[in-house]
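*Asks:* Sequences listed follow chains W and B, in order. FYI, in the working numbering the residues of the first sequence are 1 to 165. FYI, in the working numbering the residues of the second sequence are 166 to 596.
Please keep in mind that the hints were generated in silico from the structure rather than gathered at the bench. Fair warning: this is a prediction, and the values are worked out from it, not measured in the lab. Take the hints with a grain of salt, since some may be wrong.
Unchecked claim - The following label-pair restraints were derived from C-beta to C-beta distances:
no., chain 1, residue 1, chain 2, residue 2, range
1, B, D403, W, D81, 40 to 50 Å
2, W, P49, B, K290, 22 to 32 Å
3, W, S93, B, G242, 45 to 55 Å
Every residue gets a Cβ at the ideal spot worked out from N, C-alpha and C, and that includes glycine.
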Amino acid sequence: MSARAAAELRAELTDVVARSAFLLDEHRFGEWVDLTAADFRYRIQAYSPDIRREMTWLDHDRAGMVALIELLPKHHVDGADLLRQVSVGHVLSESPTEASSVSSLSIFYTARDIGDAHVDGGSSRLFLVGRYHDRFRREGEHWRLSERTVRLQTRQLGVGSHLFP
Amino acid sequence: MTIQPSREWRQRLGSSALPFVDSRIYTERDIFEDELRQIWQKSWLLVAHESELSEPLDFRTTTIAREPVAVVRGEDGVVRAFLNVCPHRGALLLREPAGNLRQSNPSGSPKRITCMFHAWQFDSKGQCLSIPRRNAGYQDRLQCTDVSLNELHCEVGYGGFVWVHLDANPVPLHEAMGGAFGALGPHLEAEPLEVFHHHKAIVRTNYKLWHETNSEFYHDYMHHFNRVTSMQQAGYHDRRYEAFPGGHATVSSMEVKYTAYEHDRVNLAEERDLSFPLLERNGWKLLDLFPGITLNLRGSALRVDTATPLSEDRVLIEFRGLGLKRDSAAERERRVRDHNTIWGPFGRNLPEDLLGVTNQTLGMRPGSEGLHVLQARREDSRIHDEVGLRHYYAEWSRRLGRSASDPYTEKARSLSAVGEELATPRAGAAE
Numbered sequence: 001m002s003a004r005a006a007a008e009l010r011a012e013l014t015d016v017v018a019r020s021a022f023l024l025d026e027h028r029f030g031e032w033v034d035l036t037a038a039d040f041r042y043r044i045q046a047y048s049p050d051i052r053r054e055m056t057w058l059d060h061d062r063a064g065m066v067a068l069i070e071l072l073p074k075h076h077v078d079g080a081d082l083l084r085q086v087s088v089g090h091v092l093s094e095s096p097t098e099a100s101s102v103s104s105l106s107i108f109y110t111a112r113d114i115g116d117a118h119v120d121g122g123s124s125r126l127f128l129v130g131r132y133h134d135r136f137r138r139e140g141e142h143w144r145l146s147e148r149t150v151r152l153q154t155r156q157l158g159v160g161s162h163l164f165p
Numbered sequence: 166m167t168i169q170p171s172r173e174w175r176q177r178l179g180s181s182a183l184p185f186v187d188s189r190i191y192t193e194r195d196i197f198e199d200e201l202r203q204i205w206q207k208s209w210l211l212v213a214h215e216s217e218l219s220e221p222l223d224f225r226t227t228t229i230a231r232e233p234v235a236v237v238r239g240e241d242g243v244v245r246a247f248l249n250v251c252p253h254r255g256a257l258l259l260r261e262p263a264g265n266l267r268q269s270n271p272s273g274s275p276k277r278i279t280c281m282f283h284a285w286q287f288d289s290k291g292q293c294l295s296i297p298r299r300n301a302g303y304q305d306r307l308q309c310t311d312v313s314l315n316e317l318h319c320e321v322g323y324g325g326f327v328w329v330h331l332d333a334n335p336v337p338l339h340e341a342m343g344g345a346f347g348a349l350g351p352h353l354e355a356e357p358l359e360v361f362h363h364h365k366a367i368v369r370t371n372y373k374l375w376h377e378t379n380s381e382f383y384h385d386y387m388h389h390f391n392r393v394t395s396m397q398q399a400g401y402h403d404r405r406y407e408a409f410p411g412g413h414a415t416v417s418s419m420e421v422k423y424t425a426y427e428h429d430r431v432n433l434a435e436e437r438d439l440s441f442p443l444l445e446r447n448g449w450k451l452l453d454l455f456p457g458i459t460l461n462l463r464g465s466a467l468r469v470d471t472a473t474p475l476s477e478d479r480v481l482i483e484f485r486g487l488g489l490k491r492d493s494a495a496e497r498e499r500r501v502r503d504h505n506t507i508w509g510p511f512g513r514n515l516p517e518d519l520l521g522v523t524n525q526t527l528g529m530r531p532g533s534e535g536l537h538v539l540q541a542r543r544e545d546s547r548i549h550d551e552v553g554l555r556h557y558y559a560e561w562s563r564r565l566g567r568s569a570s571d572p573y574t575e576k577a578r579s580l581s582a583v584g585e586e587l588a589t590p591r592a593g594a595a596e
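Construct all of the structure, not just a fragment, from the sequences and the given hints.
*Replies:* Okay, structure coming up:
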């Protein structure tokens, strides 16, 4: 792959990753789902030094993610705002239609309706750090996410979240 | 002008016979310190599962009532517990949450517990093996045989869990269990279990409020998942609490209708049919152990909660998920998915429970006049009966010598008095 093609690939994949983060931040879930391929798979994984095992905390296909999103209004969701800071690092072209990337991820949490909103509302803190391990497939003019594995370093999430990183 | 709480808060809600506890048991530092001394230092506590210590020289570290504790499987296969503190100068010995002693550390040799500070070394039985330059420094005044780790009472059992007691003279574990394990025993002791999940959360709440969420089901109204899969299904309101000596309680089973949750209908091509030995398909049993342990067996997964109180308004909760040791890879994947769909940190239920108890803590502020917190539902010990709470606080009151309903002015009462109260509650007092 030429340097120019590599740069173009990086720019295109970076745009997909950045858009995916922005759309989740904005709760524009339908548009986020549109970034994914029909056989999309999403996982959240972490290693536990306590039990010395790999753990999978969430594992869904595309339909599962859609169902999870659609059910959010029926759950008591922590209404904090999450801001995803993503830095795309490694990009790899595997074929003209397949590629992958690894990105550093940090998510900041801004209190809204959890806790004492009068005192804490508007304050921000770091919620989690980890990495996106993404795979992409070229579909026509667009790269779509075919797989996302979120590898978390953070294992203490406090109350946790109905939303996903 | 001093603003007083409303009459309804300061006096009792409804009839004077409605049991309640005083909210100061959740908010006051002196009560919390009493709890550490009178309850947490004097209870058998679940600290790990044997599958976390499967190999000789495996270790696991934890904290009980602020004391650092290490659990080590010896080369002889025996699991022992020690204060994780060097008897030389008080430094923490094992610093990782888990590991194996075969791995040496920069200060010492493999197979030994070595203090990083001055390299004193101990074997897996807690015996001192080496004191560097002992003769030069201590001459004949100190031998290795004079020194050992402080060994704690430790037992493995009741589903292969590791239980530790800080007190030098504890009641036997089987006596402390008070027969409460009987309902879960057939399912958890038929074959070896294995832990597959662990996460923890430090939550801004009192540890008892967390245990209460596991001891009353009336709050199922908060959970969409529980409402549709259980509360709206046959058998839910027939589930029964049974109280056992020591403040423990169990809840009987029902068949959970997982397919009633829309998410499950989408995600699971097949019905959930994975279970535990002798447990009916999609059965759900629960065991609450005083003072802060819950074993929640539902469908294909066992969830175990253990609380470590940090202060009157902060608790560390560890969540474990377990399946069967013999699980195939496919079976284990299903158990993990079933467990984490509901109980993982991104699951559907757990964040709601944690939000609920956080909100309670925000509502009950330290230093305020005690609110009367109701524990008064009576439904013939069925699922929304709050007998589990009342039974817990009878034991709490007995251990602390304080009434949970009147923790500051009522004199300490005898065990028999509390027992009488449990049978025939005084006007307004929690049983």
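*Asks:* It remains to establish, for every hint, whether it holds in the given structure.
*Replies:* Evaluation of the provided hints:
1. For the hinted restraint 40 to 50 Å between D403(B) and D81(W), the CB-CB distance of approximately 43 Å keeps it satisfied.
2. Between P49(W) and K290(B), the C-beta spacing of about 25 Å keeps the proposed range 22 to 32 Å intact.
3. At about 53 Å, the beta-carbon gap between S93(W) and G242(B) stays in the expected band of 45 to 55 Å.
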